Every structure is written in C-alpha cells, then in structure tokens.
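If you read the sequences in order, they're chains A and B.
If you use our numbering, the first sequence closes out at 102, no skipped numbers anywhere.
If you use our numbering, the second sequence closes out at 470, no skipped numbers anywhere.
This list has only true hints and no planted wrong ones.
No more than 27 Å apart at the CA atoms, straight line, and that leaves these computed lysine-lysine pairs for DSS-like:
1. Lys-68/B to Lys-29/B
2. Lys-77/A to Lys-107/B
3. Lys-97/A to Lys-235/B
None of these hints come from the bench; they were simulated from the model.
Values in this document were obtained by computation on a predicted structure and should not be read as measured data.
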Amino acid sequence: MRIQQSSSLLPAVQRGHLVKITVDGRIVEAYEGETIAAAMLAAGIYVFRRSRKHNEPRSMSCGMGSCMECLVTVNGKDSLRACTTLVIDGMLIETCKEVKHE
Amino acid sequence: MSETYELAVIGAGPAGLEAALVASQAGVKTVVIDCYPQSGGQYFKAMPSGFSVSERNSAEAEGDALAKRLEETSVTRFWDTLVWGVFNDEEKDEGWLLALNGAEAPKEIRARTLILANGAYETPVAFPGWTLPGVISCGATLILVKTQRVAPGKRAIVTGTGPLLFSAAAHLIAAGVEVVAVCENTRLFPKGIMYIPTMLGQWGRLVEGIKYLSTMIKGKTPYKTGWSVIEAQGKEHVEGAIIAKLDNNGVPIPGTEKTVLVDTVVCSFGLTPNTDMARMIGCKLEYKAKKGGWIPVRDETLQTSLDGVYVAGDCGGISGAENSRLEGQIAGTAVSNKTGHMSSQKAEEIYNSLKSPLSQQRRFGRLLGDLFTTKPGLSSLSRDDTIICRCEEITKKEILAAIDAGCESVVWVKRQTRSGMGMCQGRSCHRQVAHLVAQRTGQKLDTLLPDTQRPPERPISLEVLVEVDE
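Extracted from the complex, chain A is given alone in its bound form (with noise of 0.2 Å):
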C-alpha cells in the first residue's frame, strides 16, 4: 500500500509522473521513481518468483541488490531484480517464470 500520510519521520512527497505497467497480464499504477519492487508491493503482488528445488515462494528481502531473491522477468529479459530496477510506461513484467519454464 502506498503511504497517504505525512510527519516530521515522513515529510509529505510528491510522487512522479503517473504510468501503467502489466504484470502477469494485469495493469498495475506506479509512479516514475518507483522500483518496480515497491510498485507490485504497493499492488499487492508478494510473490516474485518461485524457488527451483522447492517450488517456494520468494519476495524482495534485502531491498538493495545484494540477496537477488525479487528476480522478475521484465519485456522478455529474466533475472533483474526488482528492488533496484526503475518502473518505465508500459513495461511487462513476469514474476515466476523460471519455473513456468520447466
């Protein structure tokens, strides 16, 4: 969920430019700034990718590109993390697809 509210912890923010991005087929609002970790996870999208061995889902843990557990696909490139990648106009994002490979 976005935050709405402002304090002295938080001072209020002016968020960028409005775009759409798809992700598994679903249109999802971000903001220009956004990564496209903190857009699915304001979405209510938690699973980005599912564990080989184990099938078990993984989401954005260290949230500055070290631990490369948010792997997503994005238009058609696997494996870019989506803790530090920047959300671009219609970009098409894929979570999971590893394993929809096999």
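Model the placement of chain B on the given structure of chain A, informed by the hints.
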C-alpha cells in the same frame, strides 16, 4: 584505448563521496563509480528522481550537499554502473583494469590507484520461515518506507539487534503500520550504561534516536530486550511469527514462546562489511567480530595489503556513516600524496586534524560492536530443515553433513553442497556456513577464511562479456 585515471573510487556513499572530493581538490584525475542511479549510498539515500519532498532532515541535507559539491568538480561520475571485475596485468605497468557495465559508461577504464568504498549489507541470519515473502530486512523497510513511500504490510514485528530496529519501527509507525513489538536480541542493561558518555558525544544521533523513541512511545510499541522472533509462519506470505526470550548466548529459552499475528517480519542482525571486491583482487583479510566479520587489513592511511589499494568506510569495518566520511577524507588524502599531488607534510597535517573526530567516531563504532554483536546462539535458530543457502536451497542438515564428512572450511562446504554458488554469490550464506563450520569443528572463526570471490561481482548477462572480447 581505455581512459586512464589516477584514482578510481568504487562506491559513492559517505566514504566514496568524501574521498573523491578530497582527491579532486588536490588535482588527482578521479573517477567515481556507483551501481545505483544516484549517489549517496544507503545512508544518504536520495529520493527517487521524479519524486520531490517537502523537507530533508539534517543527515539527508548533508548527503545532498555532498553530492552537489561533487557535481561541481571535474570528477568523472558513472552512476547506475556496475564494476563487475577488477583486474591487474602485472607484466604491463598499466594500472588496474576496471570492467564496467552501465548504459552511460565505457566497457573498461584503467586506474593507477583504487579506493574501495563498497559499504555494508545486513548480516543474514537464518530462522525457520526466513525465506517467506513478508520477511524483509530493516534496510529494505527503510528504503521502501522512506524513499519509495510504500508500506510493506499492515501489521509488523521488528526483530534483531542494533539501532536500525528503532529507525525501522519508527518509520513503520509513521507510515501507519501497526508495530506489535520490537524484539532487541541484546539485553542492553546494565552493560549499556557504560556507554552513556560515548553517546553524549553523539548529539545528532541522540536527537534522531529520541525522535524514533517518541514515535514508538506514541505508538505504544513494546521494546522487548533479550527477545527475538524465532520463526516466521505462513504458506505464500507471512501470517504470523513466534517470539521467544533468549539466554545470554542468544539461545531461545524453551517455554517462553509466544505467537503473534503479523503479516510482516522486519529483521536486522547487524551489518556485514562488503568485502566482495577486496577479496576479488586479493586484499589480505582479518576476522574482527566486533567490526562485523572479515575486514581488509589496513595501515593508518587505510591502504590495504596491496600497494595503491585503499579501503574506506563500512566495508573496512562497521563504524557508522560519520566514521565513513572521515575515512573517505583520509584515503583521499593518502592517494593525493601517493600520486604526487600533495606534499607529505600537508597530508600529515590533514591526518592530524582528523585524528580527534576519528577517535570519537571509532568510540561510537566500538559501542555498536560491543553492544550489538550478534550472539553465537542465534545460529541455533535454524533447524535441520531450515534453508541456509537461499539461492541453491541448501539446508542446515546438508551443510552439517558435509562438515562431518570432512569439509572443514567455507570453500569445501561450497564445493560439496553448492552452498554459496547461487545468484547472490554467497552473500546470504557464506558467513553462516563459517559459523556452522566453526561450531561443528571447534575451529576459531578468525582462523577460517571467507568464501572466494571471483568476477563478475554481481550477475551480468553474457552479452556484456562478448562485447568486451570483440
């Protein structure tokens, strides 16, 4: 022919920015490279481009000012650029070869000296359920809430150790998330009393801390010292967590368990210096638990065991952002002197002027190390079937079996089990494997070596390599 610089600074956080500023002022031909789209690192995290914010707090304003000062220099800057490899052809005297991957950056550059300012990442600690969506680090929480302005869930529990827990909890509350408790693993009293004088020298931090504390008090959030989340539960996402009291070694005390209903578990078990690049090029390391684990051996000018390679900031040992800034200045000065742009006398003057603030910041670093070092018992949170290597899905049981079969080092466990061979290249597991090896074989951690690090520093697509060879 690739461009040659006198200095390449890798990482544009507090240490890297200061280092580049000092060196460029002295006239050193400098390049700074950072993998993020904006400078600042994790501490001076900039707001996303396209976002505008009504006010910045004092630390953020300082970060913005530093970044602006750098923009006014002639320093070459490559943001959103990964240094995926650093190579040295000893037969040719051409300096270090840096292989880059970034839209705006050339494929390779050369540099006579290096300042590594790679920062740190949160120390991963495995517990049952730690791979579930909804279990996130304090750092991830702060990025999400502060800069992206997205709440990770509706009801959270914060667990682990260190001042980041406060910050994460306060920001979650400010974001409207219900924080049911903060479980600080360490018992802060009475030991913490010893450190009150050190804290009094840290006004900025105290003021920030009081802000967090008052937010927690207003939010009526219990602060439980000597407690930890010991399990996250749920199928596709966190649905609840089990907390328990810990003994003095950090081992959960049976019978103290309680279940809490949450959709988010925020954890931070201290920071680990990011030594990936230092290891890749062969800097000698030492193990210092209170500095966050393995760190490069450095002399007073922050030069490593390799001539002309310096390490500044938290990747040289966890001591906080202010210490990182001072270390950046020291390393920048040392390089200016080494490359002939600054006299030794002038360099000495600068070192001397930094001595007193540095010792104050290092005292603060020691406080962090003494109070908040993760207890050995925390590796007992994982059960036999708990995954330690998240990427390759290797359980504790498999790692212990490999150790019992004679794999008595991190590298041998990796060869036997594939633990550390996945996409994260061991960042999530190699330290935990080292702890298991030490515990199981009775070896001391400081006699064990970390995992070997090879290029690429982060996964890159094969196209990048093909282009280099052309």
